[in-house]
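Student: Take a look at the letters that make up each chain.
There are 2 protein chains.
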Amino acid sequence: MRETELVALIRKLTTRAPSQPQIIQSIGDDCAILRPRPNEDLVFTTDFVIEGRHFTLDTHKPADIGYKALGRSLSDLAAMGSEPLFCLVSLAVPAAFAPRWIQNFYRGLLALAAYYKITVAGGDLARFDKVVADVICCGRVPRGKAILRSGARPGDRIFVTGQLGGSAHGFRTRTGAAWRGHLHPEPRIPAGMALRKLGVRAGMDLSDGLALDLYRLCLESKVSAEIGSNLPIAPGATEDEALHGGEDYELLFTAPPQLTIPPRIAKVSVTGIGRITRGKPGTIRYGGRILPPKGFDHFT
Amino acid sequence: MRETELVALIRKLTTRAPSQPQIIQSIGDDCAILRPRPNEDLVFTTDFVIEGRHFTLDTHKPADIGYKALGRSLSDLAAMGSEPLFCLVSLAVPAAFAPRWIQNFYRGLLALAAYYKITVAGGDLARFDKVVADVICCGRVPRGKAILRSGARPGDRIFVTGQLGGSAHGFRTRTGAAWRGHLHPEPRIPAGMALRKLGVRAGMDLSDGLALDLYRLCLESKVSAEIGSNLPIAPGATEDEALHGGEDYELLFTAPPQLTIPPRIAKVSVTGIGRITRGKPGTIRYGGRILPPKGFDHFT
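Residue numbers (this note's numbering), protein chains in the order written: chain A, -19 to 280; chain B, -19 to 280.
Honestly, the hints are just simulated from the structure, not real lab data.
Possibly wrong hints are sitting among the right ones.
[Claimed, not checked] EDC-like mimics (lysine to aspartate or glutamate), calculated; alpha carbons at most 16 Å apart, straight line:
(1) A/K(-8) x B/E200
(2) A/K110 x B/D109
(3) B/K110 x A/D44
[To be verified] Not everything, but these chain B residues come out facing chain A in the computed CB check (under 10 Å):
(4) L37
(5) H40
(6) R107
(7) F108
The C-beta atom is built at its ideal place from N, Cα and C for all residues, glycine as well.
Just chain A, with the same shape it has in the complex (with noise of 0.2 Å):
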């Protein structure tokens, strides 16, 4: 099959995809356009989805696969309390794949992209003997209220959505809800979205285990943490895995003590597990230890 053929193979296959009105030009030319609307600023991810690293073709579908590509840079864009305007897919493949396992990768892809109204504008697609995929998303967010890494302040109150370590649970085991629940997390965009207009300034999304994460959160807030025993450990993890594990896509944020946050928010729960202290930068107490910013690292 040509290049020219799959390019237009994938065309016809995005045009399904919703189209955002702000997309002036999407697949066909050099770059995609976006007409930005006054007094809203703009945000953007890329994270990388990679046979062996992320997945695997024995345990991933195809669909599987274009599904996770695009959920996590969602959950960055959930993060910042922003709501999904576009992506560009990136994507390398065996030729033996075409088209049929990209054809599939796409519908994976596009179920999410339909239920978060999200354009597929562009990318781009090369031949290779694994399977890469870069998602680059875009999102906007009204200007100056895009919830940041560095906004926690010491004497905020911690919390997180949903429960921990169910990826983690659901990758060691590979049955039931906690697989299902690692094949196709929920990026929390409509949690993030409601967060940012409570007044929420400072999260992240846990794609590294809470451990890592919050590290990082207090690193670039530059202050400590503490939190308690309340952790909401997902059916089945282990401590070990909601501290550590990876993949919840889950909010982390932080909010000061006069804000309200309540027990649920775009129907999903949220719980309150420790509070922000002045401190070494990265410093967390669990239980009253230290615990270590352990989590996935590709580098070791």
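The hints should help you fit chain B onto chain A, whose structure is shown.
Tutor: This is chain B only, laid out in the frame that chain A set:
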């Protein structure tokens, strides 16, 4: 070396890149944040640079690969007549490449970023057994003024900047100026902006060879084309390399007869090579014969 340390290193390196005032948050958070200005459109592109497909570790030093990774995306921004703003860099490398190889990759990329005043606003880093880079670039253009593939009309004259086939010639000979040109093509950013200011509204960059790229332009514009024997063939290159060789990264554009196109623009020569005609979309005549849309194709 731990991923957190590597990310800190990359962050330190990228602070040497220019800081565009519209980028209000870059590396260190889940997303980069851009504050748009009134009356401008934003353009976005992404391009893979993959070991064994776009380079080999034998022939390309890490700095060459960093240069190429950004340069390919910049050429797309040039094609739209846009001014570069920022890039996101996704990079996958073997663990043993940390940190030295990664530093040198960024050295090449940052030299080009500095020249065109581009902020490196974020990206992703992953471990993999081969080198894969995906660079996303964003540029700005006055509202409604982007140069598009779909803008060519029958009667328009067809032009190219610079010379054709030099990159393929350099790749074949691996010596001298042609090889240096292959390694470090100059993205035609100033020429693209100058053409847009002149009133050019149709064009693209030449990444896969004149024959295939002109075919693509004609398809998007639903027109045919006739080109002549006066192609600006690069010294040493063959006619076949000028027609079908990839990676010249020159600009291909069209202009209505009443628009005067100077013989040089932004220090680059400009050559009229033919005209747009009515006819079956995508049909190219070269010296009276049909020119097949043959060029670099990843999937054949």
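Student: Could you tell me which of the numbered hints above are not met by this structure, giving the numbers in increasing order?
Tutor: Violated hints: 3, 4, 5; rest satisfied.
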